[in-house]
Every structure is written in C-alpha cells, then in structure tokens.
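Trainee: The residues making up each chain are set out below.
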Amino acid sequence: MFGPHLNQDMRGIRVRLLSSRRRHPAAKALLLVFGLFMMGALYSVVAPPVQVSADDTVTQQVEEGRALFAVGCASCHGLNGEGQTSGTIQGPPLAGVGAAAVDFQVSTGRMPMARPGEQAAAKPNRYSDEEIAALAAYVATLGPGPAIPEPAEYTPANISAEDLARGGELFRTNCSACHNFEGAGGALPNGKYAPPLVGLDDKRLYLAMLTGPQQMPVFSDEVLTPEDKRAIIGYLNALHEQPAAGGLALGGLGPVSEGLWAWIVGLGGLVFFAMWIAAKGAKAK
Amino acid sequence: MAEPAATVNDETAVQAQTPKKELGPVFKAAAGPTKWLDDRLGIAGLGRPFLRKVFPDHWSFLLGEIALYSFIVLILSGIFLTIWFKPSMAEIEYEGSYELLRGLHMSEAYASTLDISFDIRGGLLLRQMHHWAAAVFVAAMLTHSLRIFFTGAFRKPREINWLIGVAMLTLGIINGFTGYSLPDDLLSGTGLRFVDGLIRAIPVIGTWAEFFVFAGEFPGELIIPRLYMVHILLVPALLLGLIAVHLALVVYHKHTQYPGAGRVQGNVVGYPVFPVYAAKAGGFFLIVFGVLTLMGAVMQINPVWVFGPYNPAEVTAGSQPDWYMGFVEGGIRIMPNWEWHIGSTTWSWNVAIPGLGLMGLFFGLMAIYPFVEAWVTGDKSEHHLLDRPRNNPTRTAFGVAAMTGYAMLWIGGGNDLVATQFDVSLNAVTYFLRVAVFVAPVIAFLVTKRICIGLQHADRDRMLHGAESGVIDRAPSGKYSERHRPISAAQAFTLTQHEDIPALLPATDTDGYSEKEIRREQLRRKATRFFFIDTLRRPTRAEIEEAEHHHLHPMIIGDGEHHAIEAEEEHHLAK
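So the sequence lines, in the order shown, correspond to chains L and X. Under the numbering used here, think of the first position of the first sequence as 917, with each following residue one higher. Under the numbering used here, think of the first position of the second sequence as 5, with each following residue one higher.
I should point out that these hints are in silico values taken from the structure, not numbers from a laboratory. What you are looking at is a predicted structure, and each value in this text was computed from that prediction instead of being measured. Hints are not guaranteed to be accurate.
What the hints assert, rightly or not - Some, not all, of what chain X presents toward chain L, calculated at C-beta under 7 angstroms:
hint, residue
1, I70
2, L128
3, M303
4, I305
5, E318
6, W327
7, D420
Said to hold, decoys possible - Some residues of chain X that are not near chain L, with every Cβ distance over 12 angstroms (derived):
hint, residue
8, E26
9, A34
10, D43
11, G46
12, F84
13, E225
14, H250
15, G266
16, Q269
17, S348
18, L365
19, D383
20, I457
21, Q526
22, K530
23, R541
Ideal Cβ positions, reconstructed from N, Cα and C, are used throughout, including at glycine.
Working from the sequences, and respecting the hints, build out all of it.
Mentor: Structure, rendered in structure tokens:
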C-alpha cells in the first residue's frame, strides 16, 4: 500500500531534476550521444545476428572448398569447375552435379583420380569430413544439383516385407543387368565395370543412385522415388545379411564358379578316390 | 514246403560254388533265394561266365563308372524332385517362406522350386545333389571320352561304342540344359532366351522353328511342360537304353588294357568281377554317392531364390549356362557381329556360326575321328591293347589342340568374369580370344607333338641304354658319365608293345587303278606322312642286341616272373 506514494515521490524528484538541467550547455551533446547509442542498440536488436555469422561461415567454407578444389580437382575439372574436354587430361564440367555427387565421389576415394583412366576406382579417402563438406559446398555453388540427403532419406528403417520384395523387383529391373543378381558386380565394355555392392553402407548406395557416378545412369527422384531407393537398399541389405541357404556360396558368381567347383571338387575328388581304389590290389582272388 | 527246398539248396550251392570250403553266413542266407530265382530264370547260367569275367585295373578305367554312378544319383534324386516340382507356367502369387520374394507374381514352376528349396524337408539337399550330380555326370563323360581318345580305345572293334558314347554325351548335355531351364528363374529364363536365339538363327526356317518349339512367341506357356517331358522321360529313357548297350558292348568286346608284361591283344589281365570288382565297383558307387551328397549338403549350387523369377524385361550380369554349354556361350560372345539381310530374310551368322556350328563341329569331329584315323592308317585289325598317348603323337596332339580350342571358348563364355576377377578389359579378353581360338590350338598341336616325340626318345634311350641310376662316374681323363641300370622285362614290354605305323611315300606303281582311286590313295599316303613321318620307330631287336653288346651287359633283366604267373592265370579266364 505504500508503493504508489513512494513512486510518485521519486518520479516527482526525477522530473524536477531533468527539467531543471535541460538548458545545461552539455545537454545537447549528451542527447546526441544518447540518441546515437539508442539507435545502435536498436539496430543490434533488429538486425539478425545469426544470419550474419552463417553467411560468414558459408563464405568461409566455400572459400575453403575453392582452395581444396584448386589443389585436388582443378587440374582435370578446370579452375572453376568448367571441365576440360580436350587434351590428355580430361574431366567433365561440374556445374549442376550437386553436393551429393561430390560427397559420393570424394568419400569413396574415387575422386581425385590417381591417374586418368576409363573409370575411377574406389580407394582409401584422404579427405576429412570437413574438407569433403567444404568441397561439396563449393561445387554446389557452381549450379543447382542434388544436395546431400539426410539419414532419414536413405536409411531403410522399419521397412515392410512387401517393400523388401518390391525392392528386389526394382533391383532386378534396374540394377542387376550391370551389378549382377547378387550385387557382385560385373564387367562393362573397354575396361569399365560395375563395382560390387556387397558391404556398402546405405548412404553410399543412395548417393550412387541419386547422382549416377562414372558409367552409372542417374536415377533421379522422378525415376526412382526416395521410397523406391530405400526399398532397393533394404533388399540388398536383407539379401547380404541372410545366411547362405544350401551351404558355402563359393563366390556367388553363378554357373561359372559352380562349374569350376564341379570339376575340382566333384570330378577331381572322385578321380582321387578312383586312384585309391585302383591302387588297392585284391587280397584274395 | 520250406524244408525240402532248403536241403536241396545246400547241396547244390556247395557243389556249384566252392566244394571244399564251408560257406559263410552271407552265402548260406543267399543260397535259398538264389536257387529259387535260378530255378525260374536260369540266372546261374548267365551269371557264372559274367561273374568270373576279368577286368583290368587302372584308375582311368573308373571315369566311366563315375558317370554311370552320377547318373544313378541323378535318377534317384530326380524321382524325389518330380514328386514336388510343378512344370507349369501359370502365374501365381508366392506365399512360401522365402521372405524376399513373398507376394511377387511368378510361375508355378519357380514357386514350386522355391518350395522344394525352403519348405520341403530335405528338398534343398536333393535339389543341390541333383544339380551337382548333373555337373559331375557330364564332366565324367567328357573326361572318360578323353581317356578313350588318347589311348586309342575307339579303334576297331569299338567304333560303334564310341559313337554311342558321343550320343550319350550329347544327350547328357541336352538333358542338363533342359533341367537347368525348368525352375524358370531369371538365369534359366535368360538361358532359354539364348536357345530361342539359336533356334531363330537357323537360316530361313528359324522363325517357324521357334514358333514350333515355343508354341508361339517366346516364352509362351508351353515350353516348361515340354522341356519337362524331354528332361524326365525322353532323354533319360534314351540314355538308359544307350547305357545298357554301351555296357553290353564293353562285356562283349572285353575291356581294353594298357600295355605291360603278359598283356597281349588276345588276353585280358586283371581281376574277375566276382568278388574283386563287385566289391570295388560297389564301394566306388557308395563313394560317388557320398561325395555328391556332401557336395549337395555343404556347397550351394544354383541359388534360384537369389536370381528371382524369370521376367523377359530383366537380365543380370553374370548370366552363364552350366559349364557344359559354356563353350557355345563363349563362341557367341567372341563372334563378330556378322549379319546378312537378303530380301525379307535375316541371316544371323553371328549366332548361327558359333551357336549351331560349334555344337555340330564338336560332336561331328568326335564322331568321325575314329573313321578318319582308320582310313589314314588303313588298319583293319582289332586293337585290345591301349596306346600310350606318346606313341601316337599326332592323335595326341589333335586331342590337346581340341581341348585347347575348347578351353579358349570356355574362357570366352566367362569373359565378363575374367575381366572383373583379373582386372582386365572385357574387350581385350574378347579380342585376344578371337585370335587365340584359332592360334592356341595350332601352338598346342605343335608343342604336344614335340613333347610326345621327346617322350618317345626318352623311352628309346631307356630301352637301349637302361635306366638312369643317378650315379656319376668320373674317368681318369676327367670325363663324367652316368651309370645306367638295366630295366625290367615288364618295363621293356611296356616300352615296346606298340605298333609302328609307316608313313607312306607317294605311290608310283599305279597301273590298273582309276584316276579317282589313285587320287584317294595319294591323299591317304600324304595323310600318313602328316601323321607318322616324325614318329619315332621303336627299337628293333638288332638295335637292342647291338646296344647290349656295346654296354657289355644285358639291358633287360627278367624279373617279370610274377607278372607272367598272374597273366597266365587270367589268360584262360579271359578267353
């Protein structure tokens, strides 16, 4: 109950203080300083500070990527990723390949290539995750392309049995012609090849379908929806995880390896027994 | 009723078989039923000469047995499979226990194959045994035929049996292919499409032939039931009949034998069927059965569930036929793309030459070779002693050249796997094979012939100078020489038992022959020169005696005595 009285008193004192000093010679200058200060404070509140720092990081990352690109990629793909289509060292233009393609090619060690050739082989990757992200960010600035997918997009979690079977059909229709019925890989003309798909993680499989690296066609989201891609990944995982029914898979290369084993183990083993039997003479005639 | 029969049996059995010996429990138990059968069928009269029939002993004579026993395993496991397999192309939805295909549409044939693999007790084991047995069956037949070829066992009087063998090999391959096609999986359907292409490539009538075989467009709805009939009835029946004739002829001709002490054209040295070969062959059958069962149990073959159901819109890398069709596949894969278009017709030489031509060439060459060689040598005599391959260098070289050409085609059939497994370019493999399929056999021919002649030289040295002892003498003059030991009589037999076939000079005395006869004879004589001109003559008696004189000691010491005894014993048994 005492508050209002006290407040009224204090306000009265302050108002009197200000009004009594308003013609002070320093008042104008002080007011100016105060106004500037208020404006600055207002600006700092209104202007979004997060955006400022992000812009900064992206620019920094792109710059980092550009530097890495100049060292590791530009000799084939050109300083600005415009590509080189003539000469002994060639590389395709990279505008529009997207961050996803960079992530796939560099994280699998395919890029940078060790030497020019028909096809870039997978090898141990020498880049850190940050460096790959920087390269991807830089290449993404060259033109719009597929972005790196989130785990939820490529992980076939809780996939239904129906979808697995559908994934098998999709795999046999779209993939097995080059990659073999079991994903064991296959040969393509002129030293090119479709690599084996055994033991690859979900992201790698998804990125390959999304970006169509090397000889592989691009399976864009219009051709194979993300759901279809997950079904294929789920089918491959299930196929490779299931125990080999019927015994040792013997390389899983189909009739050629089976024929080899039929000759070596089957006929070879039986010839061994035949020699043994023929070497045993009769004890009694 | 049983009592009087038993006494009679005891008496006759004892007298008929081993009069002085007490019978063992097995024979005693068998005596009754045997007598019962003999009274009604007269089997003792048939059986006795057969049971004492002599067969020579060598592991390479068991290759045909491997084929025979694999065939028996094929029939036994096949009977089991027919109980469950449904040869129908009707489309159904799969509801079995293999999860990755559940709910998909497929033919009944494929679904029932999945059922055999996953839902029927022992089904996968028997399916895999059946498939392994098929692969081993054809492999054993082919190896058996190589043994026959390289030892010259196809010569008179066995030419017809050789032809029967070629027919069985053909039928075995056909049946293997029809069986491979039955499950209607993605691989077998692709294989069927391959054969569809072969049929269409028959010039002019190809399309009609295709419509006849498939009852319309590929794949139609009848091909699986039709192949089923061929697979389980037609070809097995033919094979069974031919096997019976094949074996009957082996008994009739008597088995051939390798040269050795006491072995001549007129005898067979070895052991009698009963008890020695009955035990050996019976045991070997069980071994073959056991090996095939083990393979079926622990080695996966033709995992159709991985391939998926056949769909003409799908295909897979690594589509190959089973190994025995591999050479045709290879021929197609390395063939340049030659095609004619005349009017409204297409002449697919790219498929017809390797596809139809190679199979014709393979079986054709096999079938005519015995007659070609007989014509060249002009030899009308019977041969029961086998050739050592080195002693007919040209034949051996032809055989190795054929094997080499076959191997090149075989590699071609797996050119994609060669490319991926050995990290080479598919095109490089294919271009290499296009040349190698012609060049490699020629190289193999020349090399083999030289090796054979080299081995003949080694044999000749052994005959004339004895066996190398490994003991080196140094003469006072400093000269080194190796001591030679005399060889045994048995070895001397082996080294000299072959016949020298002369290479003939062109005939000069041609009076009284027609132009055609002369031309044919000159051609034959030319062929004898090609075959035998650089074959080494075996040492003559005079040469051996001269060598003995030169070395001042006998070259051959008579230790062949116990061989001779064995041989003598079997001599009268065999004839």
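Trainee: Please go over all the hints and tell whether each is borne out by the structure.
Mentor: Consistency of the hints with the structure:
{"no.": "1", "hint": "I70", "verdict": "holds, 5 angstroms"}
{"no.": "2", "hint": "L128", "verdict": "holds, 5 angstroms"}
{"no.": "3", "hint": "M303", "verdict": "holds, 5 angstroms"}
{"no.": "4", "hint": "I305", "verdict": "holds, 5 angstroms"}
{"no.": "5", "hint": "E318", "verdict": "holds, 5 angstroms"}
{"no.": "6", "hint": "W327", "verdict": "holds, 3 angstroms"}
{"no.": "7", "hint": "D420", "verdict": "holds, 4 angstroms"}
{"no.": "8", "hint": "E26", "verdict": "holds, 16 angstroms"}
{"no.": "9", "hint": "A34", "verdict": "holds, 19 angstroms"}
{"no.": "10", "hint": "D43", "verdict": "holds, 30 angstroms"}
{"no.": "11", "hint": "G46", "verdict": "holds, 27 angstroms"}
{"no.": "12", "hint": "F84", "verdict": "holds, 16 angstroms"}
{"no.": "13", "hint": "E225", "verdict": "holds, 21 angstroms"}
{"no.": "14", "hint": "H250", "verdict": "holds, 19 angstroms"}
{"no.": "15", "hint": "G266", "verdict": "holds, 15 angstroms"}
{"no.": "16", "hint": "Q269", "verdict": "holds, 22 angstroms"}
{"no.": "17", "hint": "S348", "verdict": "holds, 32 angstroms"}
{"no.": "18", "hint": "L365", "verdict": "holds, 21 angstroms"}
{"no.": "19", "hint": "D383", "verdict": "holds, 29 angstroms"}
{"no.": "20", "hint": "I457", "verdict": "holds, 28 angstroms"}
{"no.": "21", "hint": "Q526", "verdict": "holds, 44 angstroms"}
{"no.": "22", "hint": "K530", "verdict": "holds, 39 angstroms"}
{"no.": "23", "hint": "R541", "verdict": "holds, 32 angstroms"}
When the structure is compared with the earlier hints, no violation turns up for any of them.
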